[in-house]
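Novice: Below, each chain spelled out in residue letters.
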Amino acid sequence: MTATALPQPNFFQAKKGIASWIFTLDHKRIGLLYLFSIGTFFIVAAGLGVLMRLELLNPGRDLMDPQTYNQVFTLHGVIMIFLFIIPSIPAVFGNFALPLLLGTDDVAFPKLNLLSWWLYIIGAFFALGSLVYGEGGADTGWTFYAPYSVKTGTNVTPTVLAAFILGFSSILTGLNFIVTIHRLRTPGMGFNQMPLFVWSLYATAWIQLLATPIIGITLLMIVAERVFGIGLFDPSIGGDPILYQHLFWIYSHPAVYIMALPAMGIVSEIIPTFAQRTIFGYKAIAYSSMAIAFVGYFVWGHHMFTSGMSGPAGFIFSILTFFVAIPTAIKVFNWVATLYKGSINIQVPLLFALAFIFNFMIGGFTGLVLGSLAADVHVHDTYFVVGHFHYVMFGGAVFAFFGALHYWFPKIWGKMYHKATANVAFVLLFVGFNVTYFPMLILGLQGMPRRYYDYLPEFHGLNMVSTFGSWIMASGLIIMIVNLFISWKNGAKAPDNPWNGITLEWQTSSPPPLHNFDKMPELPEGGPYNYPDAISHQEKN
Amino acid sequence: MNASNFVEGVDFSLYMIMGISLVFLIGITVVMVYFLFRYSKKNNPVATNISHNNTLEVVWTVIPTLLVIMMFWYGWTGYKPMLTAPEDAIEINAIGQMWKWSFEYPDGKITDSLVVPIDEPVKLNLISKDVNHSLYIPAFRIKQDVVRDAGNMMWFTAQKKGTYDILCAEYCGQLHAYMLTTITVMDRSDFDKWLLTEPDLSNQHPGLTILQRNACLSCHTRDGSRLVGPSFKGVMGTSETVVINGEETEITVDRAYIIESMKNPNAAIVKGYQQGLMISYEQIISAEGMNQVVDYLETIK
Ligand code: HEM
Ligand SMILES: [Cu+2]
Ligand SMILES: [Cu+2]
Chain A
1 MTATALPQPN FFQAKKGIAS WIFTLDHKRI GLLYLFSIGT FFIVAAGLGV LMRLELLNPG
61 RDLMDPQTYN QVFTLHGVIM IFLFIIPSIP AVFGNFALPL LLGTDDVAFP KLNLLSWWLY
121 IIGAFFALGS LVYGEGGADT GWTFYAPYSV KTGTNVTPTV LAAFILGFSS ILTGLNFIVT
181 IHRLRTPGMG FNQMPLFVWS LYATAWIQLL ATPIIGITLL MIVAERVFGI GLFDPSIGGD
241 PILYQHLFWI YSHPAVYIMA LPAMGIVSEI IPTFAQRTIF GYKAIAYSSM AIAFVGYFVW
301 GHHMFTSGMS GPAGFIFSIL TFFVAIPTAI KVFNWVATLY KGSINIQVPL LFALAFIFNF
361 MIGGFTGLVL GSLAADVHVH DTYFVVGHFH YVMFGGAVFA FFGALHYWFP KIWGKMYHKA
421 TANVAFVLLF VGFNVTYFPM LILGLQGMPR RYYDYLPEFH GLNMVSTFGS WIMASGLIIM
481 IVNLFISWKN GAKAPDNPWN GITLEWQTSS PPPLHNFDKM PELPEGGPYN YPDAISHQEK
541 N
Chain B
1001 MNASNFVEGV DFSLYMIMGI SLVFLIGITV VMVYFLFRYS KKNNPVATNI SHNNTLEVVW
1061 TVIPTLLVIM MFWYGWTGYK PMLTAPEDAI EINAIGQMWK WSFEYPDGKI TDSLVVPIDE
1121 PVKLNLISKD VNHSLYIPAF RIKQDVVRDA GNMMWFTAQK KGTYDILCAE YCGQLHAYML
1181 TTITVMDRSD FDKWLLTEPD LSNQHPGLTI LQRNACLSCH TRDGSRLVGP SFKGVMGTSE
1241 TVVINGEETE ITVDRAYIIE SMKNPNAAIV KGYQQGLMIS YEQIISAEGM NQVVDYLETI
1301 K
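Going line by line, the protein sequences match chains A and B.
Each step along the first sequence adds one to the number in the numbering used here, with nothing skipped, and position 200 is 200.
The numbering used here runs 1000 ahead of the 1-based position in the second sequence.
Next comes chain A alone, as it looks inside the complex (with noise of 0.2 Å):
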């Protein structure tokens, strides 16, 4: 790299017009893609969430009929996990940030970075489309369960090519952030001087690329029954219902840790950037996530104790997936202890990150709860499930998303959002957030079924403290994601190193320039976040 006298234009000027960025190779400008396009599909399905709170305010109809309700249900599932969940953190913030954590110029390779992208987008109008043609949408629920699946008129075909076609996109992606980790590391970078969320993305990107393949070929194999009748899952044709639960889960469970394993990644990232010291236990909190992904793929069965699984297999899914457990309770030791004898500069990110952990921590204490096996019989596809698993993937990915989205905003855009805003906005969402999903765990304790268009008079009460949250969790979500265009718009110019960060990205400016470095950034001594103004402190044992 030559050093020049004029700063070089930052991506955003380098080209001009709307091909520039759908043909772009630039990894910010593909994060940012996938950030609009993910966003959007966010803001639907958070809109069908609030909608079905609605239609539940009250026992009956409310708004619309049971059918409709079940498409809702299952469009607001798929566009959840599959547009949404499943990419976000490492599509968008991977992506953006994996090369600048590097302190490389771009991922391994940028092109088929693009093709992800595409990918994406085609397998999202395949979806869309499912709903404005012949029968209508899906109303299988995102899982797609046999023989129901093969059996309804609805368009599950063309949804399940989606999901398929995103999957490939998944796929892609994981491959190549494998390789820019392995190959594209700054000189003097090992790997225990990677941040930590490039171990997330590292432990991530296995799963994307061993466990994808297998829900590739078994939605494959639903078509194949759905067009030509093969009996595979449906037993009026000689299939097996069962089998198609393995080998849903089989990937189904594994994509749980793609959506939590860089969430806890970003966590990592932004608690010791706003405590001011280094991230306490670096190699517990990174060989963590590697035994969590490795886990994590023995587990599946703990989705089907109920469905006449023998008391052997029972017994092992349960036990691993208490295991499981313990690799996540350390991480959360860990950032709890990071705190200590920091100096704690209180920004939004952080308190993200900290709301991440709470709601998480209830996210895998409901958990425990589902993995042991009497207590599951009881709880089982009850709404105690539909509370457990906002609180992982909503309270916990999707806020540490949020959290990661105000983290890099300065560098993203060279602006600053408006920060009082954005601390109404987090209250809300915070406060809503738990006004909605808490009720849920004590109506499935209760017993009420989930995917329940209507329900018995005695879960009235909760229902409606659940559908007031949805009001108030909507509200924050509106005020943030408008605070969060105004400022992008009109927002104060944010300097460089707004946090006083020490990993790499801040040291490029703000937004980065299209090559990401004008000068070889420099490896902070001693460690990715041994912060050189904090006093050292020497371990005794």
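Bear in mind the hints are in silico, worked out from the structure with no lab data behind them.
Hints may be right or wrong, so weigh each one.
When the alpha-carbon atoms are kept at most 20 Å apart in a straight line, the in silico EDC-like pairs for lysine to aspartate or glutamate are as follows [as the list claims (entries may be wrong)]:
id, chain 1, residue 1, chain 2, residue 2
1, B, Lys1109, B, Asp1190
2, B, Lys1123, B, Asp1192
3, B, Lys1161, B, Asp1192
4, B, Lys1271, B, Glu1260
5, B, Lys1193, B, Glu1091
6, B, Lys1042, A, Asp533
7, B, Lys1129, B, Asp1254
8, B, Lys1129, A, Asp533
9, B, Lys1301, B, Asp1254
10, A, Lys283, B, Glu1057
11, B, Lys1041, A, Asp533
Fit chain B with the ligands to the given chain A structure using the hints.
Specialist: Same frame as chain A, now just chain B with the ligands:
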């Protein structure tokens, strides 16, 4: 007394896990919030880099490990007895079909809701005629999927008299939320009396009895309103547009058409309705029964 023999084991593992969790949740949250203020920029202007502490790492690995093994163990011991029903259990077939439960007793009695004697083990053979369902009795803390041809079963001993809800916990299509019935627990003597009293159906049209027994009415109404299938009201003699192999044809609804629809429900579909939701009744309803059904349909105008 608990409502069933499984309440104790399930509730114990539930409350144990939730109790331990609550201690950790509150403890960690309090520490987190305390640190946030104690070590804020104002209260602690200079941070200290503490990179790790091996003793702590070991402590907070070992303690959770022991706790989760204990949680696992009570989950397993609460669950294990559910797997094998006692030899002397009363066997009842529990049949799930979109969107109706029915129960078949050893002497052939068939009912819409379940009635069992108190303090005797009862085994339900779970039979699905179509898609997956899941039989769930929240008060008894039991649930088991009802999967076609899978041969699943569940068992319990009811310990408290009363009537409790039975719900379907596995999504099974449009009216999943309405696939409800009840279980009533009574003394043995009352149960024996109940078994012997057949509901008096002599005044009821035999065709209607067949419709009720076979879940027909969960999809076809008798009052003209629309559910998953066309209403039965005044259907005989009307002309309908049906789709056969993708082609639209005009037909008249007569005896032959109705009987053919019961045997091959998906061959001709009335325009505007979905294919694939109705099962074939060829092996289930006799030829005589099918004629009685048509006789009955002729009476609802
Ligand atoms: C505004 C925010 C949201 C609201 C109000 C909301 C509400 C709901 C409700 C009420 C259900 C239960 C439907 C039922 O079982 O009858 C549901 C299901 C679901 N939600 Fe959300 N949700 C929101 C955000 C999210 C997010 C952020 C995710 C994931 C990232 C998510 C993923 C799911 C999934 C996977 C299902 C299951 C769908 C199925 O049963 O097939 N939701 N949501
Ligand atoms: Cu799972
Ligand atoms: Cu059901």
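Novice: Tell me, in ascending order, the numbers of any earlier hints that this structure violates.
Specialist: As far as the earlier hints go, 7 and 8 are violated by this structure, in ascending order.
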